[in-house]
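Colleague: Next come the chains, spelled out residue by residue.
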Amino acid sequence: MITLENITKTYQLGDMEVPILRGIDLQIDASEYVSIMGASGSGKSTLMNIMGCLDQPTAGRYYLDDRELTTLNKDELAYIRNQQIGFGFQQCNLLPRATALENVILPMVYAGIPKSERRTRAEAALTHVGLSDRMANRPSQLSGGQQQRVAIARALVNQPAILLADEPTGALDTHTSQEVMNLFHELNEQAITVIVITHETEVAAQTKRRIRIQDGQIVDASS
Amino acid sequence: MALEALWSNKLRSSLTMLGVIIGIGSVISLTSIGQGIQKSTEDNIRSLGTDVLQVMAGAAESGGISQGQGSVSTLTWEDAQAIAEQAPSATTVSAYLQRQAQVVYGEENTSTTVYGTDLAHPDARNTFPESGRFFTQEELTVADSVAVIAPTVQDNLFPPNVDPIGETIRIQGEIYNVIGVMEEKGSQGPQDRDDAVYIPLTSMSARIIGNNSLMGVSVNGIYIKGENEDQLETIKFQVENILRLRHGIATPSDDDFQITNQADILETLTTILGLLTTMIVAIAGISLIVGGIGIANIMLVSVVERTREIGIRKALGATERDILSQFLTESIVISVIGGSIGIVTGVGITLIAATAFGFPFIVSTSAVVVGFVLSTSVGLVAGVIPARNAAKLDPIVALRSD
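Line by line, the protein sequences are chains A and B.
Residues 1 to 223 in my numbering are what the first sequence lists, from first letter to last.
Residues 1 to 402 in my numbering are what the second sequence lists, from first letter to last.
Think of the hints as simulated: they come from the structure by calculation, not from any bench.
Glycine residues also receive a C-beta, built at the ideal position from the N, C-alpha and C atoms.
Please note that a few of the clues may not be correct.
Unchecked claim - Among the chain B residues that face chain A by a calculated CB cut under 10 Å, a handful are:
no.	residue
1	A5
2	S8
3	K10
4	P160
5	D163
6	I165
7	E309
8	I312
9	R313
10	L316
11	A318
12	A354
13	P395
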């Protein structure tokens with residue numbers, strides 16, 4: 001499903017070229033449950049941004065469902081983010097002034113889904129993550145775990161094939177972390193490809209495949 | 001979506017709108033007030049009849065020194081009679097003398113303009129008695145002591161329950177019988193046409209002025225009317241020739257009279273008022289520009305503040321066009337709402353001013369349409385740069401910002 005071929009990413013800092021990713025080759029199949037681990041600065045977030053079409057590699061090829069993505073323009077990438085990828089972030093990135101329901105509706109606005117359908121689908125998605133009684137609340141009125149679940153509901157509402165989560169449990173206590181991981185597990189059972197970026201071994205241990213990244217290179221992609 | 005952002009920043013949005021409200025409000029009200037004043041001036045001049053020529057005693061020269069217009073009355077009643085007989089296109093000719101005088105009835109007195117005129121006056125000036133009658137040929141010939149008063153003089157001298165007709169008034173000590181009251185004509189610029197008393201030209205000349213011309217009964221001016229406005233140029237030519245012949249003038253530059261045309265005055269005034277209005281509206285337009293800059297400023301701040309929001313939206317699949325239209329919509333909504341309030345305010349101010357100063361209340365649809373189009377385009381122009389900045393933001397950079 002995801003194929004990365006010799007992906008490199010270099011940032012220009014003044015005159016200096018800082019390599020972040022140095023030749024990443026990676027294959028992730030449909031319905032896999034993968035964790036990408038690495039210390040901070042190892043390049044794991046950059047890798048996630050490239051896989052999520054938020055960033056583009058300096059060199060290399062990225063195939064999603066056999067489609068070469070490195071040649072696409074910004075609008076086409078926005079479409080892929082909207083349709084095929086769901087994002088989870090450490091800070092959730094919910095719109096603070098919008099309610100949980102409005103946050104979940106947002107991706108459907110950009111997908112051009114009819115108004116009447118948006119609401120029903122958003123309500124279903126929030127019910128699915130166990131927040132049917134919190135729909136009218138704003139993020140500030142929700143706990144960290146609830147916010148993360150709203151973010152996951154938002155990520156899933158356009159029925160993407162891939163869920164990309166960057167340190168989703170980073171800001172949560174052990175108990176709520178486990179709830180979120182259980183949710184990921186459940187989603188993976190429903191054939192969604194789940195990719196979790198983390199630096200916590202306990203989190204990585206729950207995934208089916210662990211990829212280790214160090215200094216911009218994959219050191220272990222098998223286990 | 002755009003509306004929610006505006007609503008959650010109510011104070012900021014409304015202050016931003018204020019710039020547009022003031023801008024559009026002043027453009028609308030000043031345009032409308034300008035048009036109202038123009039209309040009322042035009043109506044006033046038109047009510048005198050634009051088909052009237054006025055001949056005024058002009059700059060007489062004494063030993064090569066100009067004595068100024070009206071300093072010596074060079075026009076006479078005989079001139080008027082000659083014009084009536086000899087100018088074929090002139091249908092109505094009326095001469096007049098005028099002087100400010102004290103008029104007394106019983107205990108009351110008022111200072112007003114006394115006109116000495118002839119029988120053609122009502123036709124020439126388009127003003128007729130409301131009650132009673134104008135004086136007759138007989139009364140004019142014998143210089144009878146009769147007077148027709150206009151409404152303001154009636155109000156100033158007579159109690160409401162007294163019918164002035166049949167009463168006697170004193171003009172500069174002389175006794176006159178009131179035989180009629182003129183209809184109301186309204187004021188024309190600084191001159192209140194209803195503040196007047198009309199007496200026979202002969203009575204005025206003999207008893208109030210004291211005849212001082214060697215050539216006959218001198219007058220201050222002559223009104224001349226033709227069949228219609230198109231005749232005025234012809235009449236003017238005929239009158240010039242008759243008067244030059246009678247006054248022994250060889251070259252036009254020596255003319256001791258001046259012919260003015262109400263239509264010319266109207267045209268000049270309209271031009272001046274139009275220019276003034278345009279200038280004031282242009283100044284008001286500046287406040288609209290300032291309002292636009294305010295919107296642009298707030299939108300720029302708002303883009304910076306909401307960088308993260310933009311990043312989130314982009315991650316969720318918003319295209320550059322989506323973000324661009326969101327921010328453009330916000331700025332257009334601000335200015336259109338502001339513009340609409342401005343239009344209402346402007347119309348309100350116009351209504352108040354029209355009522356207070358007594359000119360017609362006109363709100364031209366074009367002003368409203370222009371106001372609406374202006375406010376929309378102000379929003380569009382002001383929003384373009386901030387909205388482009390927002391749309392061009394790199395999603396990761398935007399997501400990382402705090």
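Colleague: Each hint: holds or not?
Modeller: For each hint, the structure was consulted:
1. The restraint placing B/A5 at the interface with chain A holds, with a minimum CB-CB distance near 7 Å, inside the 10 Å limit.
2. The restraint placing B/S8 at the interface with chain A holds, with a minimum CB-CB distance near 5 Å, inside the 10 Å limit.
3. Annotation: interface hint on B/K10 violated; nearest CB of chain A at approximately 12 Å, more than 10 Å.
4. A hinted interface residue such as B/P160 counts as satisfied when its beta carbon comes closer than 10 Å to some beta carbon of chain A; here the least separation is about 69 Å, so the hint is violated.
5. For B/D163, the shortest C-beta to C-beta distance to chain A is roughly 77 Å, which exceeds 10 Å, and the interface hint is violated.
6. Because the beta carbon of B/I165 sits about 79 Å from the nearest beta carbon in chain A, more than 10 Å, this interface hint is broken.
7. The beta carbon of B/E309 comes within 6 Å of a beta carbon in chain A, closer than 10 Å, and the hint placing it at the interface holds.
8. For B/I312, the interface hint holds, the least distance from its beta-carbon to any beta-carbon of chain A being 5 Å, beneath 10 Å.
9. Checking B/R313 against chain A by beta carbon gives a least distance of about 7 Å; that is within 10 Å, so the hint holds.
10. A hinted interface residue such as B/L316 counts as satisfied when its beta carbon comes closer than 10 Å to some beta carbon of chain A; here the least separation is about 4 Å, so the hint holds.
11. The beta carbon of B/A318 is positioned within 10 Å of a beta carbon in chain A (closest approach about 5 Å), and the interface hint is therefore held.
12. Checking B/A354 against chain A by beta carbon gives a least distance of about 44 Å; that is not within 10 Å, so the hint is violated.
13. Contact between B/P395 and chain A, as hinted, is supported at the beta carbon level, the nearest pair being about 5 Å apart and thus within 10 Å.
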